[in-house]
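Dock the two chains into a complex; use the hints.
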Amino acid sequence: MEPKTLFDKIWDSHVVQSVEKGPDILYIDQHFIHEVTSPQAFNGLRKRGIPVFRPERTLATADHNIPTKDQDKPIRNELSRNQVDRLTENCRDFGIEYFGLNHPSNGIVHVIGPELGYTRPGMTIVCGDSHTSTHGAFGAVAFGIGTSEVEMVLATQCILQPKPGKMRISVNGKLGKGVTAKDVIMYIISQISTGGATGYFVEYAGSVIRDLSMEGRMTVCNMSIEMGARGGLIAPDNKTMNYLKDLPSFPLGFDWEALLTQWNSFKSDPGAVFDRELQFDGSLIRPMITYGTNPGMGMAIDDSIPEIGDIKAEDAPSFLKLLDYMGFKPGMKLLGHPVDYVFVGSCTNGRIEDLREFARIVKGRKKAPGVTALIVPGSKAVEKQAISEGINNILQKAGFELRQPGCSSCLAMNEDKIPPGKYAVSTTNRNFEGRQGPGSRTLLASPLVAAAAAITGKLSDPREFIR
Amino acid sequence: MSKEKFTLLESTCVPLPFENIDTDQIIPARFLSATSREGFGENLFRDWRYDKSGNKNMEFVMNNPLFGGKILIAGKNFGSGSSREHAVWAIYDYGFRAVVSSFFADIFRNNALNNGLLPVVVPEKFLDKLMDLVSNDPSQKVSIDLENQVISIIPGGDSVQFEINPHKKECLLKGLDDIDYLLSRKDQIIAFETAKTAKDED
Ligand code: SF4
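Chains as they are written, first to last, in numbering that gives the first Met the number 0: chain A, 0 to 466; chain B, 0 to 201.
A portion of the hints provided could be inaccurate.
[What the hints assert, rightly or not] Which stretches of chain A does chain B cover? Using the computed rule of at least three CB atoms under 8 Å from a CB of chain B, they are:
hint, region
1, 35-42
2, 147-156
3, 167-180
4, 433-444
[Stated by the list, open to error] Below are the BS3-like pairs computed for lysine-lysine, each with C-alpha atoms no more than 25 Å apart in a straight line:
hint, chain 1, residue 1, chain 2, residue 2
5, B, K4, A, K46
6, B, K185, A, K266
7, A, K20, B, K173
8, B, K173, A, K162
9, A, K8, B, K4
[As the list claims (entries may be wrong)] One-sided excerpt, in silico: chain A residues whose CB lies under 7 Å from chain B:
hint, residue
10, S17
11, Y26
12, L319
Rather than coming from a laboratory, the hints here were simulated on the basis of the structure.
From the three backbone atoms N, C-alpha and C, an ideal C-beta is built for every residue, glycine too.
Pulled out of the complex, with its shape left as it was, chain B reads as follows (with noise of 0.2 Å):
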C-alpha cells in the first residue's frame, strides 16, 4: 500500500530541549487502548500539555500560539523507552513529519521511518545552534531536502548533511511500504524455509 512521499520539507519548528524524551512521555500508556491508528496527536505530550485538572499548562511550548511547524527539535536520546508505535503515530497525527535529534533510540529511529517520519540526526553542536535560534525566534524556518541528505536553517544559515538508509530512503521518497517489499519475495522466504527445516533435520 503507498504512503505519502517525502521530499523536501520547508517549515517552522517546535523546540523540546529536553534530553532522554522517552515514549511514555511522548504518549502515555493509559492512551495506548485504542485499536486504529488514528486520533493519537490529540494526547501527544500530553502529562506536559495539559496540568492535573486537565487544563493547557500555558509554559509548554506545543500551547504557546507562536510556535509551530512541521519540524520538531528535541534533545539527545529521543524516543528511548517502549516499542510502542502508537508514540510515532501520535507525533505524525499531530502533524509533525521530521524530527531532528543529536540521538535517537533504535526502535522509534525504525517505527518513524516505517511511518514517514523522518529522524534526522544531526551534531550535537549544530542541534545546540538550532534549538537557540528556533527558541528565540519562533518564525525561523529550516528545510529538509531527503534527496541530498541535508538540513539546513534558511534562509542563509548553515546547513548538515545527514545519514539515512539508502534502502529506507528510496521508500520515503517513493512512498514504499516495507510490507510490500516482504510479500514481494515470498518465493525467497519460502524456499529458505524448506532448505533450514532440511538442515535441521541433519
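Chain A on its own, in the form it takes in the complex (with noise of 0.2 Å):
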C-alpha cells in the first residue's frame, strides 16, 4: 500500500463522495458553534424549514462578546446580549447541547472541546471560527469555516471541501530556557510569513513538538491559520492518550476501547509524500515579540526591527505605514519600550499551563504602576483550576486580577478595549490594527514575556526573571 499521510488517512476516510472536478463531501464527526458566526446559519435552516440533522454533534458555547466581569448579571450591551439569547434560543429549538454563561463547563470554544474530551484523534472538526486549528494538537483535521459551511453542517453532517496541499514543518533540537510553545510558532511564522502556508494543511513534527505538553501543542496548532494554513496537526503519541485518559469528563457514549485500538495507526506512514517540507532548529529560537500588525512581523525580544535597507523596495512603503500605525522606526530596539497593558488569555494562551507560567514570574513581585493588565482564563474549569492551585492568590499578591473566562481582549468584542494609542503585550494570535480596540498597539507575545512586561512596565526579557 501506498505510504499515506496522516492528514491524507483523516481526511479519506471522510470522504462520502467526490464530486465530478469539485470538491469533496466531508463528513464531520464534530462540530463546534459559538454566538458569532452561528445566528444567520440557523435563520437559514428557519428559512428552508429544515431541522438540524445530527444535533448530537454539535455543539454550542458563548465565549467571543461576553463580559469577563460581573457574568452572573445580564449582559449590558444590547447587541451582545441579543446575540447570546439567539444562541440560547437556537440550541433550545434545534436541540443542541449547550454552555452558556455560567455553565461551569463555559469557556473559549477551543479551550473547552479538549478540556471536555470532544476533541478526539483521528476526527474531523470544524467550527465557524478560524482558530478550530487548535484541535489538531489532538490528531485530529480540524479547519475553521465560514457561516454558510456552518450552516451546511448543520443540515447534513458534511461540508464541500476541496482537499489542500499537505506540508511538514519539523522542529529539532531542544529549546532554551523561557522559549515556549509561543515563541516556537512565532518564530515559524516570522520565518516564512503569513502567507506562507496558504493552501496546505500542516503537520508538526521533530523533537521540540514531541517535548510540548499537550497544552503548548495547542498553541503551536492554534497559530497555523496565522500562516495561511488551512489547519496544523500533530500525531498523538502517550502524552496524547494519556492526557485524554486522565479527563474527568467525556462526552456520552464515549468509546475510550476503540480508541485504544486505532490510535496507533494515527500517524505519517514511513516514506508518505509532502508536498512542501521545512525543517527548523529549535536551539536558535529565543523569546519572541512581534513588532508590526501581522503576525508574520515577528522577532526575538532583544534583536532590532529590520532597517528599510533588509526590506524589499516594493514593500517598503506598506512597511513603513505598519510601523507608523505602531509608533515605531525601522532599526529601532523594543527592550525597554514603555507598555500599557498586558493580557493573557485567549485560545492560544489562556490554558492553565500559560496562568502558571505567568504566574511562576510575577510569584512575589509586584505589578508595575502604570500598567493595566487584564488576565482571563480560557474557561470556567481553567478558572477553578487556577484559584484551586493558588494561582489566583500568587497573582492577588502581585497586583493582579483574575477575570472570568471568554475571548475579552483578544478581538474586543466586549468592553476590554485596548484604548487607541496605547501598547499592549498580548498572549494572544492577531496583531491587526484596530484588533484589539480601534488604534490599539498589540505586540504578541508568550506568557512569559507578558509577565517580564507586566512587573517592570516595559518589554523586557523573561530569561532574566527566570528562577
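Structure, rendered in C-alpha cells:
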C-alpha cells in the first residue's frame, strides 16, 4: 500500500463522495458553534424549514462577546445580549447541547472542546472560527469555516471542501530557557510570513514538538492559520492518550476502547510524501515579540526591527505605514519600550499551563504601577483550577486580578478594549490594526514575556526573571 | 435556495493598493453583533473610511466620489485572518461583485464563492498594471467573463485567464447553492454514516 500522511488518512476516511472536478463531500465528526458566526446559519435552516440533521454532533458555547466581569448579571451591551440570547434560543429549538454563560463547562470554544474530551484523535472537526486548528494538537483534522458552511454542517453534517496540499514542518533540537511553544510558532511564522502556508494543511513534527505538553501543542496548532494554513496537526502519542485518559469528563457514549485500538495507526507512514517540507532548528529560537500589524512581523525580543534597507523596495511603503501605526521606526530595539496593557488569555494562551507560567514570574513581585493587566482564563474549568492551585492568590498578592472566562480583549467585542495608541503585550494570536480596539497597538508574545512586561512596565527579557 | 447568477461583469473599479488586508480591516469585530446577513456594507473598512471622531477620511479611496464600481482591486494576500463571513457580506452588501488580487486567504475565498462574490486571482504583474491604470483613471473599466474565465482591461487592453474550481463556477453561473446540493445527497450521507459506525465497531 502506498504510504499515506496522517492528514490523508483522516481526510480520506471521511469523504462521503467526491464531486466530479470539484470538492469532496467531507463528513464532520464534531461541530462547535458560538454566538457570533452561527445566527445567520440558523436563520437559513428556518427559511428552508429543515431541522439540524445530527444535533448530537454539535456543541455550543458563548465566548466571543461576553463580559469578563459580573457574568451572573444580564449582559449590559444590548447587541451582545441579543446575540447570546439568540444562541440560547437556537440551541433549545434545534436540540443542541449548550454551555452558556455561568455553566460550569463554559469557556472559549477551542479551550473547552479538548478539556471536555470532545476533541479526539482521528476526527474531523470544524467551527465557524479560524482557530479551530487548535484541535489538531490531538491528531484531528480541524479547521475553521464560514457561516454558509456552518449551515451546511447543521443541515447535513457535511461540507463541500477542496482537499488542501500537505506540508510538514519539523522542529528539531532543544528549546532554551524561557522559550515556549508560543515562541516556536511565532518564530516559524516570522520565517515563512502570513501567507507562507496558504493552501496547505500542516503536520508538525520533530523533537521540539514531541517534547511539548498538550497545552503547548495546542498553542502551536492554534496559530497555524496565522501563516495561512488551512489547519495544523500533530500525530497523537502517549502524551496525547494520557491527557485524554485523565480527563474527568467525556461526552456520553464515548468509546475509549475503540480509540485505544485505533490510535496507533494515526501517524504518517514512513515515506509518505508531502507537497512541501520545512525544517527548523529549535535551539535557535529565542523569546519572541511582534513589532508590526501582522503575525509574520515577529523577532526575538532582544533583536532590532529590520532596517529599511533590509526590506524589498516594493514592500517599503507598506512596511513604513505599519511601523507608523505602531509608533516604531526601522532599526529600533524594543527592549525597554514602555508597555501600557498586558493581556493574558485567549485560545492561544488561556489554558492552565499559561497561567502557571505567568504566575511563575510574577510570584513574589509586584505589577508595575503604570500597567493595566487583564488576566482572563480560557474556561470555567481553567478558572477553577487556577483558584484551587493557588494561582489566584499569587496573582492577587502581585496586584493582578483573575477575570471570568471568554475571548475578551483578544478581539475586543466586549468592554475589554485597549485604548487608541496604547501598547498591549498580548498572549493572543493577532496583532492586526484595531484588533484589540480601534487604534490599539498589539505586541504578541508568550505568557512569560507578558509577565516580564507586567512587572517592569516595559518590554523585558523574561529569561532574566526565571528563577 | 437559488442565488443571484454571476455571468458577465463590466464595471469601473475601486483600487486598494495594500497587501495583507485582513478581515479585521474589512469589518472590525465590534460590528459583528448583528444576527442577520444584511447591512454590513455600512461598516465595510470602517476604520479606514472614518476617523476616530466618526468623520469621513477624505483621503480614503472609498470616500472619493470619482471612484466607484462593482470590482474591488486589492494587494496580495487579501482576506487573511478570521473566518468571519461578515467580511464577504460587507463587501457584497456595499455593492461589489468581484475582488481581484494576486492571492487570497483560503477561508475568505471559500466564503466569497459561497456568497456569489467572485475572487479573481491574477498574476502579480497584471495586478500591478491594473492597480496603476485604475488608480490614475477612475473611469477605467474592466470586464470579467466567468464563462470563459477571462478578465480584461477595456477597451482594447490586456486580458488574462483566471482559475476557478469547475463546481464553483457552475454554482455561480447558475445561481446554485451548495446546501441544496448537499441536501440532495442525504441518502449517500446516511449510507456513509452506517458504514462508518460498522467499521468503528470492528
Ligand atoms: S480567543 Fe480570540 S482567537 Fe480564540 S476564538 Fe476567541 S476571539 Fe477567536
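Taking the hints in turn, this is what the structure says about them:
no., hint, verdict
1, 35-42, "holds (count 5)"
2, 147-156, "holds (count 7)"
3, 167-180, "violated (count 0)"
4, 433-444, "holds (count 4)"
5, B:K4 / A:K46, "holds, 20 Å"
6, B:K185 / A:K266, "violated, 31 Å"
7, A:K20 / B:K173, "holds, 17 Å"
8, B:K173 / A:K162, "holds, 24 Å"
9, A:K8 / B:K4, "violated, 37 Å"
10, S17, "violated, 10 Å"
11, Y26, "holds, 6 Å"
12, L319, "violated, 12 Å"
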